[in-house]
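So the sequence lines, in the order shown, correspond to chains L and R.
Position one of the first sequence corresponds to residue 135 (the numbering used here), numbered consecutively onward.
Position one of the second sequence corresponds to residue 135 (the numbering used here), numbered consecutively onward.
Just so you know, the hints here were simulated from the structure itself, not pulled from any lab data.
We treat Cβ as the ideally placed atom computed from N, Cα and C, and that holds for glycine.
Any given hint might turn out to be false.
Stated by the list, open to error - Quick partial rundown of chain L residues pointing at chain R, CB under 7 Å, derived from the structure:
1. Phe-162
2. Arg-238
3. Phe-339
Number of protein chains: 2
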Amino acid sequence: MNTSTANISVTKVTNSRLAEVDFDNLTFGSTFTDHMFVCDFKDGAWHNPAIVPYGPLTISPAAKVFHYGQAVFEGMKAYKDDNGEVFLFRPEQNFERINKSSKRMAIPEFPRDIFFEALHKLLDLDKGWVQSGVGNSLYIRPFAMATQVGVSASPSDEYKFIILLSPVKAYYTGDVRVTIAQKYSRSADGGVGAAKAAGNYGAQFYPTNLAREKGFQQVVWTDSNEHKYLEEAGTMNVFFRINDTLITAPTSDRILDGITRKSVISLAERAGIDVDVRRLAVSELVDAANNGSLKEIFGSGTAAVISPVSAFGYNDKVYDLQKQDDSYATKFKQQLMDIQYNRSEDPFGWRYPIAND
Amino acid sequence: MNTSTANISVTKVTNSRLAEVDFDNLTFGSTFTDHMFVCDFKDGAWHNPAIVPYGPLTISPAAKVFHYGQAVFEGMKAYKDDNGEVFLFRPEQNFERINKSSKRMAIPEFPRDIFFEALHKLLDLDKGWVQSGVGNSLYIRPFAMATQVGVSASPSDEYKFIILLSPVKAYYTGDVRVTIAQKYSRSADGGVGAAKAAGNYGAQFYPTNLAREKGFQQVVWTDSNEHKYLEEAGTMNVFFRINDTLITAPTSDRILDGITRKSVISLAERAGIDVDVRRLAVSELVDAANNGSLKEIFGSGTAAVISPVSAFGYNDKVYDLQKQDDSYATKFKQQLMDIQYNRSEDPFGWRYPIAND
Ligand SMILES: Cc1ncc(COP(=O)(O)O)c(C=O)c1O
Ligand SMILES: Cc1ncc(COP(=O)(O)O)c(C=O)c1O
Chain L
135 MNTSTANISV
145 TKVTNSRLAE
155 VDFDNLTFGS
165 TFTDHMFVCD
175 FKDGAWHNPA
185 IVPYGPLTIS
195 PAAKVFHYGQ
205 AVFEGMKAYK
215 DDNGEVFLFR
225 PEQNFERINK
235 SSKRMAIPEF
245 PRDIFFEALH
255 KLLDLDKGWV
265 QSGVGNSLYI
275 RPFAMATQVG
285 VSASPSDEYK
295 FIILLSPVKA
305 YYTGDVRVTI
315 AQKYSRSADG
325 GVGAAKAAGN
335 YGAQFYPTNL
345 AREKGFQQVV
355 WTDSNEHKYL
365 EEAGTMNVFF
375 RINDTLITAP
385 TSDRILDGIT
395 RKSVISLAER
405 AGIDVDVRRL
415 AVSELVDAAN
425 NGSLKEIFGS
435 GTAAVISPVS
445 AFGYNDKVYD
455 LQKQDDSYAT
465 KFKQQLMDIQ
475 YNRSEDPFGW
485 RYPIAND
Chain R
135 MNTSTANISV
145 TKVTNSRLAE
155 VDFDNLTFGS
165 TFTDHMFVCD
175 FKDGAWHNPA
185 IVPYGPLTIS
195 PAAKVFHYGQ
205 AVFEGMKAYK
215 DDNGEVFLFR
225 PEQNFERINK
235 SSKRMAIPEF
245 PRDIFFEALH
255 KLLDLDKGWV
265 QSGVGNSLYI
275 RPFAMATQVG
285 VSASPSDEYK
295 FIILLSPVKA
305 YYTGDVRVTI
315 AQKYSRSADG
325 GVGAAKAAGN
335 YGAQFYPTNL
345 AREKGFQQVV
355 WTDSNEHKYL
365 EEAGTMNVFF
375 RINDTLITAP
385 TSDRILDGIT
395 RKSVISLAER
405 AGIDVDVRRL
415 AVSELVDAAN
425 NGSLKEIFGS
435 GTAAVISPVS
445 AFGYNDKVYD
455 LQKQDDSYAT
465 KFKQQLMDIQ
475 YNRSEDPFGW
485 RYPIAND
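Turn these sequences into a full structure, and let the hints guide you.
The following block contains the structure:
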């Protein structure tokens, strides 16, 4: 995969901003590296793939992305090991997913060769921005958006595909308290919930703010029909450990097919843990919390890897979870990070070497 | 309402583009007037309301609108009568609705005085772009979007509120064939369907493309749970005339509360027509088509005013509708346009004078 026929032009910055960055005090996703990748879709094809200095776009206020939310994105990370080698984690999955998201949003698919060559070239240029040390990483944000001018609700003829790089530390600090959705919804059957479509996220901000006011950081969404079954959180899939069985919702057209989720399932199966991919009713969860069989809840996602949930709220009650000595969350987080940071074997072939110092 | 305390700075174009415009050949929403209104939200307040020459924005590729679809909009029109006087139609409703949409999308509400003064000043400057003659109008697109830099899924701290003006002719040409949704959905209970949120529209493009391939211009959406009840179309509410009763879905958190819809209801009630605001099952519609009691279907919306539907598709069958001599669609369209273009009395007080030559 290191060979490519894509022809990406490169314009380097004259002065790197790297020396100015305080890597100990990063706000997630708000610092960007020296370079970004940009490619334009016009007249039916992707043109002019280019790496350029990170900087503002000049874009019409009538660009369709502002009016119709025709935009999709991905989230992936680069990790540096102690020898200065940089790795991605299952990037093929992100590539396939952004094209799946694009299809649902009527955005033209992006070519594989340009995607991977762009990542290689970008990360080679900006590898100094990937800090070694577990927890440090470079968050990678590929996205596509509609740039055609026009305030009429129809698909754009023009798009931009961009990749930004942002050095980050761990996403969440501490445990997460979640509330279970009883009124608002994230997605509908037949909707775009399975796509990483921009509008799915903005739509969650208001109900998430309401949850925050009550002391919960995240909402665990339920099916929009009856609010009866547990689905996923805002940017994480969710796992429930009842006794020693790990339960997670099946993917559907409402739920994002998370790469961390499928990796956790593989790790659990390898460890001989029972994995039950099925709809879990909220009532079952409450019963399990009440009778003591609920051992753990955790979220899985690229940003936070694994986020242990310390309590969930439902029907104005709060259910606290006890720390487990043999925590699955801790174990999977460790195993995933060991693979990501090249500290262990890579039995599934998830590591993807991309650059080195 | 002509007085305002808002302090809007004005920068005029040096050369108007008005003389270059071919008003007989306009593509809906792709030509813009000389000026636009821009206002920024920062540090908890809206600042620097300004009218400036229409032109591109300089915006970070990491602005949250691109990634999380945190954006809302409105659609309204200015009409010019034969004496050169310019009117809006129920603009107070659009103002209230954009703030309702903003609330659902965690966007700060916009102040009434600045909104109305911006419209007055803009339309006064660009009134030459409003062509008289029934069917001609100036489409007005207020919108708000998240501009804070940051690729983390949380509400923006910074926003832009912009108003664009676009001269247009009638939106649809000819009758509309619609298909009834059986697989895809527009919105969920507890979702953002009742908001004019950007992402609602991009999400419809793919299923609408599929409908187009089968010869239908629009999709009539149904409830996402069972696809059993008729809801609304992509940018129109929908009315069904069965015998002489006019039926339309009740508004809900899935359906946009259309201003044309509520105006049609008022006109129908004034005319002594039975209006039944209730859920209409698809099966009822098919029965009515089969037994001849289905007389008309039409859409209502600012862009097209009233769009008569000539056929609907369901379960791979196409049901054609006969033209009615006493068409409600024709009557309401005429009455609405007479009010909009100041050609009739204005019994409901819907006309809002805003500028004159
Ligand atoms: C809605 C949603 N669910 C789950 C996830 C987790 O997916 P992944 O593990 O691929 O990062 C994400 C994204 O990160 C997401 O946006
Ligand atoms: C989804 C949707 N339904 C209905 C309408 C009609 O609303 P109005 O009559 O206020 O234009 C619109 C917008 O124009 C819309 O976007």
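Cross-check of the supplied hints:
1. Phe-162: Hint holds; Phe-162/L Cβ to chain R Cβ min 5 Å, cut 7 Å.
2. Arg-238: holds (6 Å)
3. Phe-339: It holds, given that the least Cβ distance between Phe-339/L and chain R is near 4 Å, below 7 Å.
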